[in-house]
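Student: The residues making up each chain are set out below.
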Amino acid sequence: MAATFFGEVVKAPCRAGTEDEEEEEEEEGRRETPEDREVRQQLARKREVRLLRRQTKTSLEVSLLEKYPCSKFIIAIGNNAVAFLSSFVMNSGVWEEVGCAKLWNEWCRTADTTHLSSTEAFCGFYHLKSNPSVFLCQCSCYVAEDQQYQWLEKVFGSCPRKNMQITILTCRHVTDYKTLESTGSLPSPFLKALKTQNFKDPACCPLLEQPNIVHDLPAAVLSYCQVWKIPAILYLCYTDVMKLDLITVEAFKPILSTRSLKGLVKNIPQSTEILKKLMTTNEIQSNIYT
Amino acid sequence: MDVCTFEKVGIRGTNIVVLGVEKKSVAKLQDERTVRKICALDDHVCMAFAGLTADARVVINRARVECQSHKLTVEDPVTVEYITRFIATLKQKYTQSNGRRPFGISALIVGFDDDGIPRLYQTDPSGTYHAWKANAIGRSAKTVREFLEKNYTEDAIASDNEAIKLAIKALLEVVQSGGKNIELAIRRRNQPLKMFSAKEVELYVTEIEKEKEEAEKKKSKKSV
Numbered sequence: 001m002a003a004t005f006f007g008e009v010v011k012a013p014c015r016a017g018t019e020d021e022e023e024e025e026e027e028e029g030r031r032e033t034p035e036d037r038e039v040r041q042q043l044a045r046k047r048e049v050r051l052l053r054r055q056t057k058t059s060l061e062v063s064l065l066e067k068y069p070c071s072k073f074i075i076a077i078g079n080n081a082v083a084f085l086s087s088f089v090m091n092s093g094v095w096e097e098v099g100c101a102k103l104w105n106e107w108c109r110t111a112d113t114t115h116l117s118s119t120e121a122f123c124g125f126y127h128l129k130s131n132p133s134v135f136l137c138q139c140s141c142y143v144a145e146d147q148q149y150q151w152l153e154k155v156f157g158s159c160p161r162k163n164m165q166i167t168i169l170t171c172r173h174v175t176d177y178k179t180l181e182s183t184g185s186l187p188s189p190f191l192k193a194l195k196t197q198n199f200k201d202p203a204c205c206p207l208l209e210q211p212n213i214v215h216d217l218p219a220a221v222l223s224y225c226q227v228w229k230i231p232a233i234l235y236l237c238y239t240d241v242m243k244l245d246l247i248t249v250e251a252f253k254p255i256l257s258t259r260s261l262k263g264l265v266k267n268i269p270q271s272t273e274i275l276k277k278l279m280t281t282n283e284i285q286s287n288i289y290t
Numbered sequence: 291m292d293v294c295t296f297e298k299v300g301i302r303g304t305n306i307v308v309l310g311v312e313k314k315s316v317a318k319l320q321d322e323r324t325v326r327k328i329c330a331l332d333d334h335v336c337m338a339f340a341g342l343t344a345d346a347r348v349v350i351n352r353a354r355v356e357c358q359s360h361k362l363t364v365e366d367p368v369t370v371e372y373i374t375r376f377i378a379t380l381k382q383k384y385t386q387s388n389g390r391r392p393f394g395i396s397a398l399i400v401g402f403d404d405d406g407i408p409r410l411y412q413t414d415p416s417g418t419y420h421a422w423k424a425n426a427i428g429r430s431a432k433t434v435r436e437f438l439e440k441n442y443t444e445d446a447i448a449s450d451n452e453a454i455k456l457a458i459k460a461l462l463e464v465v466q467s468g469g470k471n472i473e474l475a476i477r478r479r480n481q482p483l484k485m486f487s488a489k490e491v492e493l494y495v496t497e498i499e500k501e502k503e504e505a506e507k508k509k510s511k512k513s514v
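Keeping their order, the protein sequence lines are chains A and B.
Counting in the working numbering, the first sequence runs from 1 upward without gaps.
Counting in the working numbering, the second sequence runs from 291 upward without gaps.
The shape of chain A in the complex, shown without the other chains (with noise of 0.2 Å):
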């Protein structure tokens, strides 16, 4: 307790502990009760990151890799991701869903969280027919922070394999790049690239530099694999877009000639002219720009 100028008493933060009549207060305010259990698992349950069958929508026992053996695993996160693989790689071969992931979070359009609309944002997981042990994985729901390692857990597993290769794709605004030059003069859209320990290939792109960072998903996977030490590369784009953009996705061309992608598409004309259709059908009718 201490004495202002004033004369009123006021209660000083005290440097070598709280007293012991004011824990108990504390305790007793930190105490849980019964509702707030409740209210918590109930949110517990509604955040819950669930990984589905395809077929039967049944949730799946294990991680999804440690069902099915991977060799090659490409995550687009986001939908100039999504566009760029659907258009170049989903459509240059014969892919099955094998899984999708379902949450809910305050960035879902609907307060619905058990039958969340197919329309909206999803997050699907495909194999190669031809070759099973090539994973893809469609993402452009967000994923929070409390959901990240839920989501990492349901896919990867708790001890995942190492010999797998996992490439990342997805974009961030222009203006989360730190960097001296002015942006005005930034070549945008452009691509960067950050990489594991263990990841020993050469990427198509400058690396990404100081002080930039990553977040979200693509960063809980991307140290997910360096723990694990599982080589990995993440992509990422830099525009002044983040809507489906056409310039965006095509920025991500470089990393067709990778060994990530090699041999994973086909015909680049026929993919381009696919991408095209998807602009047209997706683009919103904006009068805000002209």
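Hints listed in this document are in silico derivations from the structure and should not be mistaken for laboratory results.
All values derive from a computational prediction rather than experimental measurement.
Ideal Cβ placement from N, Cα and C applies to all residues, glycine included.
Among the hints, a few may not be true.
No more than 25 Å apart at the CA atoms, straight line, and that leaves these computed lysine-lysine pairs for BS3-like [unchecked claim]: (1) A/K277 with B/K318; (2) B/K440 with A/K243; (3) B/K361 with B/K440; (4) A/K277 with B/K361; (5) A/K243 with B/K432; (6) A/K243 with B/K327; (7) A/K277 with B/K470; (8) B/K361 with B/K484; (9) B/K318 with A/K276; (10) B/K361 with A/K276; (11) B/K432 with A/K192; (12) B/K470 with A/K276; (13) B/K500 with A/K253; (14) B/K314 with A/K277.
Quick list of simulated restraints, FRET-style, between CB atoms [stated by the list, open to error]: (15) B/P482 with A/H173: 58 to 68 Å; (16) B/R478 with A/N105: 57 to 67 Å; (17) B/Q386 with A/K277: 42 to 52 Å; (18) A/M242 with B/E444: 51 to 61 Å.
From the derived model, a few chain A residues whose C-beta atoms are all more than 10 Å from chain B [claimed, not checked]: (19) F5; (20) E38; (21) R47; (22) L52; (23) K72; (24) Q148; (25) N163; (26) E181; (27) P187; (28) D201; (29) A203; (30) K266.
Assemble chain B onto chain A, guided by the hints.
Tutor: Leaving out everything else, chain B in the frame of chain A:
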């Protein structure tokens, strides 16, 4: 403001100024005529903008009032440079006021002064303005500008037709699905603003494609 915007190209020829714009695909139920891309500020000055449509509307209205006010006061029409400076000053004011945000538009302003000299100016949200021989604004402005830097020559703009073709070629570099997505406006000395119809644009596009094919044939003959 380059985000999400469609291409606009301006070219200053010897006797002509050309404004080419990428046509935005309009929703089915929307009346296309009400989607304005090229706006006249006065009889002899017009502008195309890229950015927030609502901001452009406010700026254009203020500029139009200023054009008439100038004519009434000074009994002379504005010079292209004057009205560009007015627009740029207006934009700059909004970068330095509290509680306001800058106008989110870049504009290409073209016209002829009383002395008969063609002018092309570009302004941006910061309030700077510069005169250009040829310029582009919009999402892929860099690509179009690079094309113009390579192809803008004295021969290319010597005749009106060549200047028009240059504007169309520059737009075709970045516009998807070709000529039907291009709108063109030209102004010749001492003549009113002329908007090209879709057919007229197509004619030019066909001519450009023919010239390209012929150039390619010549190249292949030479290599053989």
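Student: Evaluate each hint against the coordinates.
Tutor: Now for the hints, and whether the structure bears them out:
1. A/K277 with B/K318: OK: A/K277 and B/K318 at ~18 Å, within 25 Å.
2. B/K440 with A/K243: 32 Å, violated
3. B/K361 with B/K440: 40 Å, violated
4. A/K277 with B/K361: Between A/K277 and B/K361 the Cα gap is close to 50 Å, so the pair fails against 25 Å, i.e. violated.
5. A/K243 with B/K432: 20 Å, holds
6. A/K243 with B/K327: Judged against 25 Å, a Cα distance of about 23 Å means the pair holds.
7. A/K277 with B/K470: 17 Å, holds
8. B/K361 with B/K484: Given that 25 Å is the threshold and the Cα spacing comes to 23 Å, the pair holds.
9. B/K318 with A/K276: Within the cut-off at roughly 20 Å; holds.
10. B/K361 with A/K276: 49 Å, violated
11. B/K432 with A/K192: 20 Å, holds
12. B/K470 with A/K276: 16 Å, holds
13. B/K500 with A/K253: 31 Å, violated
14. B/K314 with A/K277: 16 Å, holds
15. B/P482 with A/H173: 58 to 68 Å: 44 Å, violated
16. B/R478 with A/N105: 57 to 67 Å: Between B/R478 and A/N105, where Cβ atoms are some 60 Å apart, the hint holds.
17. B/Q386 with A/K277: 42 to 52 Å: 46 Å, holds
18. A/M242 with B/E444: 51 to 61 Å: The hint (51 to 61 Å, Cβ to Cβ) is violated, given that A/M242 and B/E444 are roughly 42 Å apart.
19. F5: It holds; A/F5 is separated from chain B by about 36 Å at its closest Cβ, greater than 10 Å.
20. E38: 46 Å, holds
21. R47: 33 Å, holds
22. L52: Given a closest Cβ separation of 36 Å, the condition holds.
23. K72: Check passes; 33 Å lies beyond 10 Å.
24. Q148: Holds, because the least Cβ-Cβ distance between A/Q148 and chain B comes to about 29 Å, which exceeds 10 Å.
25. N163: 43 Å, holds
26. E181: The claim stands: A/E181 keeps its Cβ more than 10 Å from every Cβ of chain B (closest is about 14 Å).
27. P187: 7 Å, violated
28. D201: Nearest chain B Cβ is 31 Å from A/D201, so the label holds.
29. A203: 24 Å, holds
30. K266: About 23 Å separates A/K266 from the closest Cβ of chain B, which puts it past 10 Å; holds.
Violated hints, in rising order: 2, 3, 4, 10, 13, 15, 18, 27; the structure is consistent with all others.
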